[in-house]
Amino acid sequence: MIKNLKRISAVLGCMTVIAITPAKAQDIKLGALFPFSGGLALLGDESYRGVKIAVDERNAAGGINGKKIVLIKADAVDANQAVGEARRLTSVEGVTAIFGSFASGVSSAATQVTELAGVPYFELGAVADTITGRGLKYVFRSNSTAKNFADRSIESIIKVVAPTLKVDPKTLKLAIIYEDGPYGTLVGGFQKEEAKRLGLTVVESQAYSGKSVDLSSLVLRVKSAGADIVLQTSYQNDTLLFFRQSATAGYKPRAFIGAGGGYSLNDIAQTLGAAIEGVYDVDFPQITMNAAGAPGLKEFVAAYQKQFGIQPRSGHSLVNYVGAKAFLDILAKANSTDKDKIRQTVLAYRQPVGSNAAAWGFHFGENGQNQLASTNLMQWQHGKLVTVYPESVASAKPIVGN
Amino acid sequence: MLPNFNNPRVYVSLLSLLILLALPLAVQSPFVYHLAIQVCVFAGLAAAWNIVGGFAGQLSLGHAVFYGIGSYTAGLLVAKFGISPWIGMFVGAALSMVAATIIAYPTLRLRGPFFSLATIAFLEVARLLVIYMGSWTGGSAGLNVPLQIGLPWMIFREKSAYLFVAFGFLVVTLWVSWLVRHSRFGFYLIAVREREDAARAVGVNAVRVKIAAAVISAALTSFIGSFHAMYLTFVEPSAAFSLEMSIQIAMFALIGGLGTVAGPVIGTVMVLPVAELARGWLSAFGNGTHGFVYGMLLVVTVLFIPRGLVGHLGKSAQRLIDRLPSRRTDVKTNTTLAQKTSPARHQGKPVLKAEGLYKRFGGLQATNDVSITLHAGEILGVIGPNGAGKTTVFNQLSGFIRPDQGTVSVLTEDGQWITPTSPETFARAGVGRTFQVVQPFAGLSVMENIMLGAFMHTSDKAQAKAIAIEVAEITDLTTLLDTEARGLTVGGMKRLEVARALATRPRVLLLDEVLAGLNPSDVVRAIEMIRRIRDAGVSVLMIEHLMQATMALSDRIIVIHLGRVLKEGQPADVVNDPEVIQAYLGKGYVHAQAA
Amino acid sequence: MRSLGATVSIFIQLLLNGLLLGGAYAIVSIGLTLIFGVVRVVNFAHGEFLMIGMYAVWLLAQHFGLHPYVSALLVALLLFVLGASMQRFIIQPLLSADPHIQVFATIGVSTALLNLALMVFGADVRKADVVFGTESLMVGPLTLVSGQLITFVVALVVAAGMHLFLQRTYTGRAFRALAQNRMAAALMGVNVNSTYVLAFGIGAGLVGLASGLLAVQYPVFPTVGQYFVLTAFVIVVLGGMGSLPGAVIGSLFIGLIDSLAGFYIGPDLKEVVYFLIFLAILIVRPTGLFGLGRGSE
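If you're matching them up, the sequences are chains F, R and S in order.
For the first sequence, this note's numbering assigns the number 1 to the initial residue and increments by one for each residue that follows.
For the second sequence, this note's numbering assigns the number 1 to the initial residue and increments by one for each residue that follows.
For the third sequence, this note's numbering assigns the number 1 to the initial residue and increments by one for each residue that follows.
There are no misleading hints in this set.
Quick list of in silico lysine-lysine cross-link-like pairs, DSSO-like style, CA-CA up to 30 Å:
| no. | chain 1 | residue 1 | chain 2 | residue 2 |
| --- | --- | --- | --- | --- |
| 1 | F | Lys170 | F | Lys397 |
| 2 | R | Lys80 | F | Lys196 |
| 3 | F | Lys147 | R | Lys80 |
| 4 | F | Lys333 | F | Lys68 |
| 5 | F | Lys192 | F | Lys166 |
| 6 | F | Lys252 | F | Lys170 |
| 7 | R | Lys80 | F | Lys192 |
| 8 | F | Lys137 | R | Lys80 |
| 9 | F | Lys173 | F | Lys211 |
| 10 | F | Lys252 | F | Lys196 |
| 11 | F | Lys397 | F | Lys159 |
| 12 | F | Lys68 | F | Lys339 |
Don't read these hints as lab results, they were simulated from the structure.
Using the sequences and the accompanying hints, generate a full structural model.
Take a look at the structure:
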């Protein structure tokens with residue numbers, strides 16, 4: 001009896017909560033699925049801020065064909081939660097489409113749900129190539145993928161790093177190291193492939209556990225392999241660890257090239273102090289681009305500053321903003337909530353490179369991936385992360401590090 | 001094999017369980033479906049965990065390793081070889097069972113946290129290896145299960161189909177859990193968990209039983225892992241081999257009530273839906289609020305309701321439920337009881353021989369060349385001053401201590417002499433014993449305690465019950481059969497010790513100070529009981545300090561002093577022997593005559 | 001291919017790195033083995049104690065400019081109080097319950113503390129900005145960081161000190177008595193409850209000391225404790241639960257494995273190596289190298 005009562009009351013409680021969600025008929029509901037808690041919370045939240053600015057901007061300009069856009073936040077840290085929240089958004093909230101997700105794991109899982117439910121998914125920041133590589137029809141991605149990161153970093157060696165060091169790229173010895181999570185493994189793997197394809201010499205390629213307390217043996221491996229260039233894909237702690245332990249071991253490569261993560265963060269740069277000078281970093285477009293090549297950049301930064309009181313914390317808000325803006329544009333053009341109409345509109349949507357605040361273009365392939373998204377090469381100069389390549393958005397010239 | 005559906009406890013539980021199905025079908029919201037499926041999955045995991053964590057009392061903190069093995073095996077088989085997950089899950093279960101044996105075999109012999117730590121270590125190793133072998137497991141990026149719709153692939157468009165499958169897994173898990181709990185195996189698990197030594201003394205191979213529980217639990221966990229992989233259609237190492245999940249399922253079982261069948265389900269139903277719904281709301285307060293509340297919940301539960309909801313509220317719930325109508329069919333008791341021990345065919349002949357026993361503990365020679373022979377039908381009293389080494393000898397006669405030198409041989413029913421080496425083999429050879437510090441299985445009833453002994457010769461509950469009733473008569477416990485053992489008086493507990501040993505149908509019964517702490521009338525009853533036991537054909541060896549009782553009962557007396565046999569012979573002779581008096585009372589009393 | 005000279009000097013550098021890392025592990029493991037040996041509780045919150053200590057050190061460095069080596073003592077005191085309270089208010093009421101109930105309690109505390117840190121400080125890594133202790137030293141062809149050496153030396157000194165404490169003082173003997181036989185110790189007049197509180201407090205205090213030393217080399221973030229604690233458990237089992245020399249030797253051993261396996265096998269597999277060693281120890285010699293109690297107690 002008591003067991004029954006308790007069960008019933010618990011479930012009734014659930015149902016009540018579900019029932020209390022107001023909705024006006026003339027609104028358009030869009031889901032925003034990001035990791036707002038857990039280890040990825042910082043960048044998940046940063047990504048969401050970009051979406052919010054895009055939505056606010058659109059609403060101020062009249063919404064989508066006169067309808068106000070209502071953003072419904074959903075938090076997911078892992079696949080399990082992603083599935084649950086995706087179901088909630090698509091069934092309980094009845095959203096027209098979902099924006100997400102920064103975290104590839106969340107995106108991979110949620111899109112399996114939305115695909116079966118027939119709800120379009122607009123990925124704005126997750127990089128795993130498999131998200132648009134599974135043949136799903138209603139998953140679209142505006143941002144660059146892990147392969148873009150990898151290819152750009154190798155290209156940078158040939159086009160920027162080697163010339164700045166005044167050496168032939170083919171004489172350089174590369175070490176590719178990465179944390180063993182999905183992010184590191186993907187980028188590191190593609191870097192190896194691309195380096196091989198372009199005939200560069202890789203002397204060491206090694207995954208390491210992201211939870212390491214000590215990377216001194218990795219440093220020794222890289223050092224004794226004689227690597228000139230270190231390409232590292234890492235988060236905050238391991239970036240710090242590797243730099244410090246390299247310094248202790250007296251190992252000074254001619255260049256470090258990061259791939260986002262810890263390499264893009266101001267906090268890390270501050271902690272490392274002089275050691276960060278000259279370090280390269282491939283990442284999503286940052287706000288320190290040359291605004292001439294990225295129309296709308298200044299306005300975006302101003303809007304962000306106004307709403308949140310500080311400068312954007314990373315490039316994620318920018319790319320989410322640009323992607324969301326484009327997709328909102330597409331929704332307006334489609335003038336329908338029908339998934340096939342939306343897909344049609346996405347595939348037909350064209351914008352030239354350099355036409356928005358991230359200096360991207362838009363051209364979606366059959367798999368839903370934007371082929372004109374890119375990553376840029378940045379470099380830390382005097383404590384600031386400036387863009388050095390491609391020239392159209394470069395705000396500084398590359399320098400030789402310490 | 002199946003519960004009695006006429007019993008109100010059973011049908012109320014089943015009806016409650018059906019709500020998990022009925023509610024989502026009624027509401028028809030994919031979110032409620034998702035929640036119900038989550039509840040089924042996690043309740044199933046918690047129930048499976050409970051078999052080793054609750055029933056057997058072995059805290060597995062890395063249980064997700066079996067979930068992960070199940071997920072990856074099924075996922076890989078379908079992704080790489082197109083093999084149906086219905087088959088894949090059996091492969092996964094087999095692998096999990098092997099893994100469980102590997103972890104359990106070395107660690108469950110030991111007491112302490114070794115099993116727990118080993119499960120965590122295994123979990124980490126599995127996770128790291130799966131990441132390392134990324135080329136065929138998909139590594140950290142995870143494995144996408146191909147979206148093939150249909151029953152053979154366990155992937156459906158309709159959420160209700162998932163729910164039915166998940167519910168099915170839950171029901172199977174609960175059924176296995178119920179079977180374990182109500183079988184002899186379940187009795188053994190509880191006995192081992194509560195008092196491993198006492199369990200071994202009634203013939204339970206404690207290690208084997210614990211390993212069996214771990215293996216069963218692993219297989220069930222693995223099945224659910226396989227299903228879940230198909231539900232999420234995405235498997236990745238950190239989620240599949242997650243320490244948090246391992247702790248979470250243990251927590252659900254704890255909150256509901258460890259060691260009960262319903263506990264894990266109740267715990268999951270209470271916590272999971274609320275946690276899912278609260279997540280979004282709590283996140284508004286900042287990162288980590290959700291986890292913080294979980295942690296506090298765990299601490300609070302442990303401090304205030306350690307026996308879980310079922311443990312604390314179960315009795316009152318059961319009382320209410322029992323008021324409901326039932327059609328109790330009369331259970332036919334098996335009237336052909338097990339044979340009484342055949343009256344000693346070998347009257348007077350030796351049944352237990354200890355020859356030349358030596359045992360040293362560090363600097364102390366506790367047993368110094370002790371030889372004892374027990375004859376059929378005799379009551380042999382063992383006396384001696386405190387610290388003489390009587391209990392040490394006892395422990396060597398029952399397998400709890402191995403002598404450094406010397407042998408102990410037991411005459412089996414078919415006239416063979418064997419030399420057992422462990423408590424359970426001694427028990428099976430026909431040597432029963434009691435413990436000086438009584439060790440009843442506190443949470444079980446008197447009847448169930450005695451049945452534990454009876455289970456050594458039968459796995460049928462009805463038979464065991466019959467034996468227990470019979471033994472209870474001999475030991476004067478008939479009126480107390482339904483009381484919980486923890487509620488007995490000292491006298492009752494001592495008789496229970498004897499009863500439990502008797503239920504194993506021993507030919508030799510070792511009694512360790514069974515009269516200590518009894519009041520005079522209880523002593524008289526006990527003496528009569530021991531006589532009845534001997535008359536029923538059991539040879540008795542008893543350590544005692546009560547001289548009158550020993551004199552009254554014993555056919556022969558052995559005196560042990562400083563680890564050696566000081567004197568052996570008829571009671572009157574031994575007691576009046578000057579050396580014996582000197583040993584007990586000191587030189588000054590040698591000339592005082594014993595009464 | 002490397003020359004023989006280079007191979008040898010790399011090997012020696014690896015040994016040095018391993019030993020120094022072992023020193024860091026030692027100072028964390030000593031407290032854990034003490035708590036386990038005396039109170040017989042597997043303290044899963046041990047890593048979170050370290051994390052709290054490191055945050056405290058960082059705060060003191062940020063706001064008062066105190067160098068971690070100085071605030072280490074203060075933080076040790078803070079953690080002593082924390083550990084003692086945990087024993088008094090959470091573990092003590094559960095002493096007579098099943099041992100795994102106690103484990104659940106420590107897990108609950110661990111989860112709560114970790115997430116509390118996440119709530120209060122956020123997920124970012126923070127590092128105390130200090131100079132002393134971060135200088136690189138050259139000893140011939142070998143390099144090391146001064147802070148590592150200091151940590152190593154302090155670890156040995158503390159271990160020696162604790163050893164003397166256990167052997168020579170009444171309280172120390174009470175600890176050892178409780179480790180061997182709780183009931184007998186109680187019968188001998190040891191106040192079990194207050195001794196346990198003291199033991200837990202000292203164990204936690206030692207971690208507080210560790211946090212001051214480690215804060216010079218490692219940044220702090222909410223999950224930092226988990227990086228250390230699993231390894232600490234391996235070390236404690238390896239060395240023998242409750243054995244101080246075991247914890248030290250075990251730490252050095254694991255540090256060496258970490259370093260050597262990281263280089264010769266691979267940084268992504270080194271954890272597998274020492275978890276496999278852990279499992280092997282459990283199978284072959286569960287009492288560890290110097291265990292106090294028997295494996296089957």
